[in-house]
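**Q** This is what each chain is made of:
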Amino acid sequence: MFSEFSPLEDKLFQVMDNDGNIVRPEYMPEIDGERLVKAYKDMLFARTADMMAVSYQRQGRMYTYPPNLGQEAIAGAMAVVMRENDWLVPAFRELGAWLAKGATLKEVFLYFMGYEDGTVFKNAKNILPISVPIASQYQHAAGLGYSIKYKNEDSVVYAVVGDGGTSEGDFSEAINFAAVWEAPVIFLVQNNQYAISVPFKMQTRSINIAVKAYAFGIPGLKVDGNDIFAMVKAFQVAQAHARSGKGPVLIEAVTYRRGAHTTSDDPTKYRTKEEEDAMAQTDPLDRLRKYLISQNLYDPSGEEELVAQYRKEVDRQFSEAENYAPYPLEDVFKYTYVELPDDLRQQQVEHEKFLKWKEALK
Amino acid sequence: MFSEFSPLEDKLFQVMDNDGNIVRPEYMPEIDGERLVKAYKDMLFARTADMMAVSYQRQGRMYTYPPNLGQEAIAGAMAVVMRENDWLVPAFRELGAWLAKGATLKEVFLYFMGYEDGTVFKNAKNILPISVPIASQYQHAAGLGYSIKYKNEDSVVYAVVGDGGTSEGDFSEAINFAAVWEAPVIFLVQNNQYAISVPFKMQTRSINIAVKAYAFGIPGLKVDGNDIFAMVKAFQVAQAHARSGKGPVLIEAVTYRRGAHTTSDDPTKYRTKEEEDAMAQTDPLDRLRKYLISQNLYDPSGEEELVAQYRKEVDRQFSEAENYAPYPLEDVFKYTYVELPDDLRQQQVEHEKFLKWKEALK
Amino acid sequence: MEGGIEMKVMTMVSAINNALDIKLAEDPMVVAYGEDVGVEGGVFRVTEGLQKKYGAHRVFDSPLAESAIVGTAVGMAANGMRPVVEMQFCGFVYPAYNQIISHVARFHNRSRGRYRMPIVIRFPYGGGINALEHHSESMETIYAHIPGIKVVIPSTPYDAKGLLISAIESDDPVIFMEPKRIYRAIKQEVPEDKFSIPIGKAKVLQQGNDLTLIAWGAMVREAQKAIVMAKKEGISIELIDLRSIYPIDKQTIIESVKKTGRAVIVHEEPLSFGTGAELTSIINEEAFLHLEAPVNRVAGFDTIVPLPRGEHHYIISPEKIYYNILKTMKF
Amino acid sequence: MEGGIEMKVMTMVSAINNALDIKLAEDPMVVAYGEDVGVEGGVFRVTEGLQKKYGAHRVFDSPLAESAIVGTAVGMAANGMRPVVEMQFCGFVYPAYNQIISHVARFHNRSRGRYRMPIVIRFPYGGGINALEHHSESMETIYAHIPGIKVVIPSTPYDAKGLLISAIESDDPVIFMEPKRIYRAIKQEVPEDKFSIPIGKAKVLQQGNDLTLIAWGAMVREAQKAIVMAKKEGISIELIDLRSIYPIDKQTIIESVKKTGRAVIVHEEPLSFGTGAELTSIINEEAFLHLEAPVNRVAGFDTIVPLPRGEHHYIISPEKIYYNILKTMKF
Ligand SMILES: Cc1ncc(C[n+]2csc(CCOP(=O)(O)OP(=O)(O)O)c2C)c(N)n1
Ligand SMILES: Cc1ncc(C[n+]2csc(CCOP(=O)(O)OP(=O)(O)O)c2C)c(N)n1
Ligand SMILES: [Mg+2]
Ligand SMILES: [Mg+2]
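Chains as they are written, first to last, in the numbering used here: chain A, 1 to 362; chain B, 1 to 362; chain C, 1 to 331; chain D, 1 to 331.
Keep in mind that the hints were calculated from the coordinates and are not lab data. Some hints here could point you the wrong way.
As the list claims (entries may be wrong) - Listed next, with one range per pair, are the computed distances between beta-carbon atoms:
#1 LYS353(A) x VAL228(C): 19 to 27 Å
#2 ARG184(C) x GLY33(A): 36 to 44 Å
#3 GLN281(A) x SER317(C): 20 to 28 Å
#4 LYS125(B) x ASP342(A): 33 to 41 Å
#5 GLN346(B) x ASN209(C): 46 to 54 Å
#6 LYS151(A) x PRO198(D): 28 to 36 Å
#7 GLN281(A) x GLY55(C): 57 to 65 Å
#8 GLU320(B) x SER196(D): 53 to 61 Å
#9 ALA280(A) x SER317(C): 26 to 34 Å
#10 SER196(D) x ALA185(C): 48 to 56 Å
The model shown is predicted, which means the values in this text are computed figures rather than measured ones. Every residue, glycine too, gets a C-beta built ideally from N, C-alpha and C.
With the rest of the complex left out, here is chain A (with noise of 0.2 Å):
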C-alpha cells in the first residue's frame, strides 16, 4: 500500500468519495454495521459538542477554543483501531480522539474553562495532557515509542500535530529518533491547510507532507482525512507496520479546518469564502452519513433527535463544568514539584498572610 500511494507522485489514498461512494473497495476496511453506526455517532457527538463550544466561548462562558468542526474523521478512525494500551500524544484540536480515550466532555471543557484538572483526562489510559508548543509532544511521542520497546510493551503511539507543526525541529528531531529506535509510533499530521491564517503552500515547498517521510527512512502515505474508511485502513497498516518492529509511519491526513483557528480568530482575513465553500463539499460527516444511508444503516430521519438529545448531554457536562470547585490557592503551589521545596511553602504561607490582611480591610 504505501508503495501504491506513493507520496512522491502525490498519490492520495482514498477509499470512499464525497458521495459516499466506495471507489477502492479493496481497501475497505472489515468494520462491522454497528460499530460503523456508533463511529458515526461518536463524531456527530463530537462535532456537537464542538459547535456548542464555540458558542459557549460566545457566550463569555469559556476560554479561547480551538474548533475542531471538518477533521472529525481522523478522530472517528482513531476511536476505531485505538486501543486501551495504546498511547495518545495530542496537540491540543483532537476533541473526538480525547474522547475515544476516554476522556470526558467535562474535563474538556474544564480544561478551556481554565483548570489545569481538565487536561488530566483521569479515566483514560495512556494519554497525555494537551500540548501548547507546537511540535514538541512528537518528541514525547518518540521517548514514548522507545520505552515501549524497553519495557516489551505491546502498545503503539499516536502522535498528532498539524501541518503548520512540520516546519518546526521538533518535528524532524522526533521522527528521525523514532525511526533509529524502529519505535511504535504513528506519526499522524493533520493537515487542515492553515497554521492559523498561513497556508499550507506557504509553509514548506515540499509537494506534500507524506514526502518527508524520506527524510527518515521510513513510509509515508498522505490519506483522504476526511475519509473515514481510508484512515482507518491508514492506521491499521501503519500499526501493523509498528507492531511488527519495522518502526515508525508517517501518515499526512488531508482535510480542512472548516472553523476558525481559535474563537479569537477570524479567517475572512486570509481566505475566501468560495473556498470554504467548496472545502465544505469534503465533510467527513456528510460522507459517512451518506454511505450509511446507502448501505440501509442509518436512518437520518432521527438525527434531529439525536442531536437534541447529545445537546442535552453536552449542556449536562457543560454545567457540571460550570459549577466545578473554585481553584484553591494550594493547588497553584502543590503540583509544581512533587516535593514542595520549603521556600514554596513559604511563599504560600505569606500569601495567605496578605490574603487574611486584605479581608480585613474590607
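Add chains B, C and D with the ligands to chain A, keeping to what the hints say.
**A** Relative to the frame of chain A, chains B, C and D with the ligands by itself:
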C-alpha cells in the same frame, strides 16, 4: 542530473574513480590544466597545514583542533566554483574552504590558539565566522539567502554542516525556510561517516542524506566527496539552479574523516583499523594526483620539495600566530556590545583596580 | 496639536505599529516577519496593514519555526539588514533560545565587531488575559542574564513607540517584551512623528520621599493604584518605571533609594532568580548605608503560571503591592 | 576501609560513573543516553564501561539533537522510566531549553501529578580548560529561574556521587551541572557503596566568625585558597558550599550571615541577574539587621566568556576573592 542520480535509488554521483580514471566523462567539468594543478596544490597545502596543526597541538602549542584529513576535495571544489561575492557559512572543519575564501592560515591558527581574532577572516569577503553549535549556522545561511534576494544581489550561499548535524532541528528548519523563500543557498553536508564516535547509520535511518531534500521540495544529490570533479560539477549545477531563482539545493558529499574527530579524540575506541585502511583507498588527494599524472599535468617527483616549501610557509604563519600580541583585558569587554553599557565599563574599571592591587602585593 | 507636534491617541498596539511603520518607511533595510505577521497582521494585530503598505518582501509570514525566525534574522543582519521579528507569545520564544544566546548575542563579539546584529525580537508577555498555557509568562531574567543583548519593556503607548524606534536603530540586538495585558488598555496621546527614547534609562514617574517603588510593563499601572492607597496613609512614594531591564539604569535607582531609604520592587516573573534579585543587589551594593529596611520583592510565585481560573492567585494586585509597601514602611 | 565502609579513591568523573553504575544496577527503569554516551563512554569518559556492562538498550548513543534527547526523556518518564541524559557541554543545552522549560518542568503540574518527570539532565559546565567557544560557560540562573526543576552542582567527588544518586532518585527533574575543570583535579576517598546526599542542603565546609563566603562547583577550591590568604591576616571565614542552586538552603546561609555579618559570594556565571543576586536578596531579606557591609558578589563579567587566550582575564582567581574579602571586611 538531479533525476539521473536520484538519491531515492541511492545513486552516487561520481566522475572519477579511485584510480583517477574519468568514468563519467560526460559530466567532467571544464577546468583548465593550470587551475586544476592549482586546486591540487591548494589541497596539498591545506593537508600539510592540517597535519602540522595536529602536531602543533600535540606539542601543546595549540588547543583542540578538528583535522580535515581525507575531506580536502570538498574544499578544493569549493575553491574552484565559489565566487568572491558568494557567501561561505562554515561549521568548523573546512580549513581549505576558509583559505579559498581568503582567510589566512595565521588566522586559523590564532583561532585554535584561543583568539577570537582568528575567526574574523579580515580579508576574506562574505564569510561568516566559524560556528560551533552544530547545524545552527544553516539558519544563518537561509537568512543570508533571503537577504541576497531582497537586496537583489547575485551571490550564492555555501553552507556547511556534517552528517551528525542533519539530526538537529535547525538543519530541517533552515532548509525549509530557504526553500519557501526560494533563496539561493547550497546546503552542503560533509558526510564523513562519523559524528565524533557515532557512525552515520546510527544517525538516521534514511538511505542517505541527499534524499532528505524531498522533505523540502528541493533537489538533492549524493556526490562522491573525494572526487573533486564530481564535487565541482555538482556545485556548478547547484549554483546555476540557485542563481536562476529556483531555490536551494542539498548536496551530500560522501567522504571519510580519516583522522580523529578532534585532537582530543581517540577513534580506536569506536572503529577498526581495517575500516580506516579501506577508506584510505578513496583518498581525494591520491585520486586527483593520479589523474593529473595520467594527463601529464603534474610531476610527482617535485612533490617532496613542494611539501617542504609548504611546511616552511605553514611554520612561518604559525610563528606569526605564536608571536601574536597578548590578549588585552579590554578585548574581553569591547565587543560584547557595539555600545558598551556603563555597567560593563565599570566592571572593567573595578577589575583593573584589583589587578593594580594584586601587582602591588608582589 | 501641542507645541506644533501632531498628536494622536494611541494604544500600545497602535503605537508599536506606528513605530514599525516609521522605520519601514525610513530604512529599506528594515523588514518585519514572523508567524502570521503578514496577511493577518499578527495575532494581536500589531503589524496590521504593514504588509499592504510595504509589500510581502518587507512584512511577511514565516513558516512555523521560532529557531529559524531568529536564526535567519542573524543571516540577514550579517548582510546589512535590520530584521524585526515577532515571536507569537512569550512561551514560544524558547525554541529560539539557542539562536539568541549562541548567535544573536555573540556574533558581534565572535567576529570582533565585523558583524553587527541590529535585530529586534518582539513578543507579547505577561499574564492577565485568561490565555492558554504558555501564553502568560514573564521571564525577563533568562534574557537579561545573557551577555550581548539588551532587554526593553515599555509600560505606555508613548514609551512603546519611542523605545521600539531606539531598539530598531540600536546596533546591538534588543529583546522587546510587550506587556500584552495593557496592549489596548491604555490610550494616550502620542506624537505622530518619529521620536525615540534612549535604551538604558529608567523614568521617575512620580517623586516621593518615603519609599522607592520600582516596576515595569503592566505592573506600573498596578503600582500606581497602590500609590493612591499609600497616599491616603500619608506615605510619599517615588515610582520608577525601569523600562530597560538590561542595561539597568543604576544611577536613577540608587539616587532614589539614597533619598527614600526603602525600596519595593514589583515584577510578574517568578521571585527567585528574578530581576528583583538583581535590583536588590544593586541597591545593596550602592546604597547600603542608606537602607532603612530590607528591599522588598513583590513578585510572581516560584510556580508555573496557573491557567486562567487560578491566575487571580498569581497575579499581583495593587493591594498586594500596598501591603508590601506598608510592611516595608513598618520595618 | 573506614568504620567498615569500603572506600575508593575517586575523581569526580569516576564518582559520577560509579553513581550511574549503582543506579543502573539497582533500578531497571534507569537508562543513560546522549551524544557519544554509549560506545565512546562520553567525551569526558563519564559513562565509560557502562554500555558494556548494561547493554546498548540501557546506555546508548543518540543522534545529534539535544531537544530530542530531552524531549524523548519526557516520553520515557511518562511511561515510568528514569532517564539520565547527558548534554555534551554547557553551551549545547540551549536547543533543549524549550523541552526543559515547557515540558520537563511542567508536566507534573500540567497533569496535576499524574505524570512525574524523574529526569536528570547532566552536563559539564564552567571555564578553565582552554576549550573552544561555547564550552566554558556557566549559566545556572537560566535553569534555577524555571519553576519546576531543581539545579544541583557538586564540588567534590564525594558530593558528586551522593548528589547524583539523589538526583536520579528524585521524582522531580534535576539539572545536574558538573564543574568540568575539576573533573579529574580532585582525588578523594569515596565509599564504594550507595549513599546519598539530600538535594537542597548546603554544606558548611569551614566554620568562621568574620565573614561568610559562599561558593559552589569549581569555585569552592578557589575560595579555599582565598581563605588561606585571609587567615594569614587573621580573618576567620565561614565557607559554605551551596551544592543546590535550587532549592536554596536559606537557613544555612542566613544563620551563617547572622553570625558573621558579612558575606561574599563567588560564581563563574555572569554577575548581572546571576545566582549571586538571588543570594544577596535572601540575605538582605532575612539577615538585614545583622549585615555590617554590603553583600559582595565576585562573579564572571557580563561578557561572553573569552576564548582561551583571554580566559585568564575572566576566570576568578583566589586573589580576586581575597581582594573582595578584604574589601568587605574594611567596609
Ligand atoms: C512553538 C509554538 N509556536 C507558536 C505557537 C502559536 N500557535 C498556536 S496554534 C498555531 C498554528 C498551528 O498550526 P498547525 O500546526 O497547522 O495546527 P492547527 O492549528 O491547524 O491544528 C500557532 C502558530 C505555539 N502554540 N507553539
Ligand atoms: C549543538 C551541539 N551539540 C553538540 C556539540 C558537540 N559536538 C561537536 S562536533 C560534534 C559532532 C559533529 O558531527 P558532524 O556533524 O558529523 O560533523 P563532523 O565533526 O563529522 O565534521 C558534536 C556532537 C556541538 N558542537 N553543538
Ligand atoms: Mg493546520
Ligand atoms: Mg561527521
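**Q** Against the structure, test the hints numbered earlier, and report the numbers of the ones violated in rising order.
**A** 2, 3, 4, 5, 7, 9
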